[in-house]
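A.B. asks: Single-letter residue listing:
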Amino acid sequence: MTMIGGDLGAMSALSSRFSTAGANFQTQTTGIARGVDTALEEFTSQMRTLDSEARGLAEEINAEMTRLNSKAAATTWTGANRIKMDGIVASLDDEIVAIRTAIDNFATEASAVVNGALTSTMTGLRTNVDTTGTNATTISDNFSTSVESQRAAFDQVMNG
Amino acid sequence: MSELTGADLAQLDELAGQFTTAGNEIAVKGETLRTKIQTAIDAFNTSLSTLQTNTTNLTDQMNTEMSGLRDQGASVGWTGNNRGGFDSDLNAFGTAVTTGTGQINTDITAIKSQVDTGFTPIMTEFGTALKAGADDVNTAAIDMNTAVTNQRTNLDQAANTGWTNA
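Protein chains in written order, with my numbering: chain A, 9 to 168; chain H, 191 to 356.
Derived from the structure by calculation, the hints contain no laboratory data. Using N, Cα and C, we set each Cβ at its ideal position, and we do this for glycine too. A couple of the hints might just be wrong.
[Stated by the list, open to error] Calculated lysine-lysine pairs in the DSS-like style (CA-CA distance at most 27 angstroms, straight line):
{"#": "1", "chain 1": "H", "residue 1": "Lys-321", "chain 2": "H", "residue 2": "Lys-219"}
{"#": "2", "chain 1": "H", "residue 1": "Lys-302", "chain 2": "H", "residue 2": "Lys-226"}
{"#": "3", "chain 1": "A", "residue 1": "Lys-92", "chain 2": "H", "residue 2": "Lys-321"}
{"#": "4", "chain 1": "A", "residue 1": "Lys-79", "chain 2": "H", "residue 2": "Lys-219"}
{"#": "5", "chain 1": "H", "residue 1": "Lys-321", "chain 2": "H", "residue 2": "Lys-226"}
{"#": "6", "chain 1": "A", "residue 1": "Lys-92", "chain 2": "A", "residue 2": "Lys-79"}
[Claimed, not checked] Now the in silico label distances, taken between C-beta atoms and shown as ranges:
{"#": "7", "chain 1": "H", "residue 1": "Ala-300", "chain 2": "A", "residue 2": "Gly-39", "range": "55 to 61 angstroms"}
{"#": "8", "chain 1": "H", "residue 1": "Ser-239", "chain 2": "A", "residue 2": "Thr-38", "range": "28 to 34 angstroms"}
{"#": "9", "chain 1": "H", "residue 1": "Asp-346", "chain 2": "A", "residue 2": "Ile-91", "range": "53 to 59 angstroms"}
{"#": "10", "chain 1": "H", "residue 1": "Gly-292", "chain 2": "A", "residue 2": "Asp-102", "range": "19 to 25 angstroms"}
{"#": "11", "chain 1": "A", "residue 1": "Ala-98", "chain 2": "H", "residue 2": "Gln-347", "range": "24 to 30 angstroms"}
{"#": "12", "chain 1": "H", "residue 1": "Gln-347", "chain 2": "A", "residue 2": "Asp-102", "range": "29 to 35 angstroms"}
{"#": "13", "chain 1": "A", "residue 1": "Asn-70", "chain 2": "H", "residue 2": "Glu-221", "range": "37 to 43 angstroms"}
{"#": "14", "chain 1": "H", "residue 1": "Ser-239", "chain 2": "A", "residue 2": "Thr-74", "range": "43 to 49 angstroms"}
{"#": "15", "chain 1": "A", "residue 1": "Ser-128", "chain 2": "H", "residue 2": "Thr-318", "range": "40 to 46 angstroms"}
{"#": "16", "chain 1": "A", "residue 1": "Gly-13", "chain 2": "H", "residue 2": "Gly-292", "range": "57 to 63 angstroms"}
{"#": "17", "chain 1": "H", "residue 1": "Asn-350", "chain 2": "A", "residue 2": "Thr-116", "range": "23 to 29 angstroms"}
{"#": "18", "chain 1": "A", "residue 1": "Gly-95", "chain 2": "H", "residue 2": "Thr-243", "range": "22 to 28 angstroms"}
{"#": "19", "chain 1": "H", "residue 1": "Asn-350", "chain 2": "A", "residue 2": "Asn-70", "range": "17 to 23 angstroms"}
{"#": "20", "chain 1": "H", "residue 1": "Ala-300", "chain 2": "A", "residue 2": "Ser-99", "range": "43 to 49 angstroms"}
Generate coordinates for the entire structure from the input sequences, incorporating the hints supplied.
C.D. replies: Following this line, the structure appears as structure tokens:
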């Protein structure tokens, strides 16, 4: 014959232990989730500022080139060498425009990485952290309730 | 009527100087921007590494918690079919926790890799473009300075020296 029953005191302790574990899981995963949020927020905020700075620099370069080209056009210099000089000015202008284009492209590509795949993966991570924490907490709480119910059932049958 | 051939020497000097200064300043500002972005990426990577450490700790803590629950569960005097159900559910729980924390670790590793693969080529390309642009600006500015200086010298020579009294 097999005896059926349970140690009521130990079952109470086990139920409490599950309850405590559930709270611990919640606290631990909430800390990780907060870390994920903070890391992404700080990074996107910094990149947004730098993106704005890059675009400001591109504007600044535009304004500077307009000013210099006007100044070159207004410079008193005649003769064939002036034409050579204009060629050099145009070449310098092209190079500075190339730098401005590089800055524009860089800002656009960096923003695309931050706002696209990276944010998407970080959001996925955040979801997984939440899910893991919530599941662990819910299951722990369910265990706590189930063990307590089983203890109560034993108590009722044997002592009620 | 023929055109007057000549130049305002002071204007030429000023123009050459301003182009040179502008080219250099733009290249320096571009490099400063690149450095700031690299710093932001490095800081983000550091945050991710901290997260990875915290997640590893979380995994350890959760596994320890699960071991404690299993040990305590095993020590409870409790028989009947429901006990079997409890043990089975507890094993499934342990597996779910391991899977969940494993996924978090995998996600963070993937994000670190994404930062590397996403930003490294952009940063390298930008750095190369800036360097090439700065070099070309420098070359053009030197050409311009040389042209202006030569023109200035020749013009000065032609206009201000060699007069033979009539």
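A.B. asks: Each hint should be assessed against the structure and marked as holding or not.
C.D. replies: Right, here's what the structure says about each hint:
1. Distance hint between Lys-321(H) and Lys-219(H) is fulfilled; the C-alpha atoms sit about 12 angstroms from each other, no more than 27 angstroms.
2. Taking the CA atoms of Lys-302(H) and Lys-226(H), the gap is near 19 angstroms; set against the 27 angstroms cutoff, the hint holds.
3. Distance check on the hinted pair: Lys-92(A) and Lys-321(H) sit about 26 angstroms apart at the alpha-carbon level, within 27 angstroms; holds.
4. With a C-alpha separation of about 22 angstroms, the suggested pairing of Lys-79(A) with Lys-219(H) holds against the 27 angstroms cut-off.
5. With a C-alpha separation of about 16 angstroms, the suggested pairing of Lys-321(H) with Lys-226(H) holds against the 27 angstroms cut-off.
6. Between Lys-92(A) and Lys-79(A) the CA atoms are separated by roughly 16 angstroms; this keeps the pair inside 27 angstroms, and the hint holds.
7. In this structure the hint that Ala-300(H) and Gly-39(A) lie 55 to 61 angstroms apart at CB is violated, the actual value being about 21 angstroms.
8. Roughly 20 angstroms separates the CB atoms of Ser-239(H) and Thr-38(A), a value that falls outside the hinted 28 to 34 angstroms.
9. At roughly 21 angstroms, the beta carbons of Asp-346(H) and Ile-91(A) sit outside the given window of 53 to 59 angstroms.
10. Between Gly-292(H) and Asp-102(A) the C-beta distance comes to about 54 angstroms, which lies outside the given range of 19 to 25 angstroms.
11. Checking the proposed 24 to 30 angstroms range against Ala-98(A) and Gln-347(H) shows it holds: the Cβ atoms sit about 28 angstroms from each other.
12. For Gln-347(H) and Asp-102(A), the Cβ-Cβ distance of about 32 angstroms falls inside the hinted range of 29 to 35 angstroms, so the restraint holds.
13. Here the CB-CB span from Asn-70(A) to Glu-221(H) is close to 19 angstroms, at odds with the stated 37 to 43 angstroms.
14. Restraint check, Ser-239(H) to Thr-74(A): a C-beta distance of roughly 45 angstroms satisfies the suggested window 43 to 49 angstroms.
15. The hinted window of 40 to 46 angstroms between Ser-128(A) and Thr-318(H) is violated, with their beta carbons roughly 28 angstroms apart.
16. About 38 angstroms separates the C-beta atoms of Gly-13(A) and Gly-292(H), a value inconsistent with the hinted range of 57 to 63 angstroms.
17. Checked against the given bound of 23 to 29 angstroms, the beta carbons of Asn-350(H) and Thr-116(A), roughly 53 angstroms apart, lie outside it.
18. Here the CB-CB span from Gly-95(A) to Thr-243(H) is close to 59 angstroms, at odds with the stated 22 to 28 angstroms.
19. The given range of 17 to 23 angstroms is broken by Asn-350(H) and Asn-70(A), whose C-beta atoms sit roughly 39 angstroms from each other.
20. Under the hint 43 to 49 angstroms, the C-beta atoms of Ala-300(H) and Ser-99(A), about 46 angstroms apart, fit the expected range.
Of the numbered hints given earlier, the model fails hints 7, 8, 9, 10, 13, 15, 16, 17, 18, 19; all others are met.
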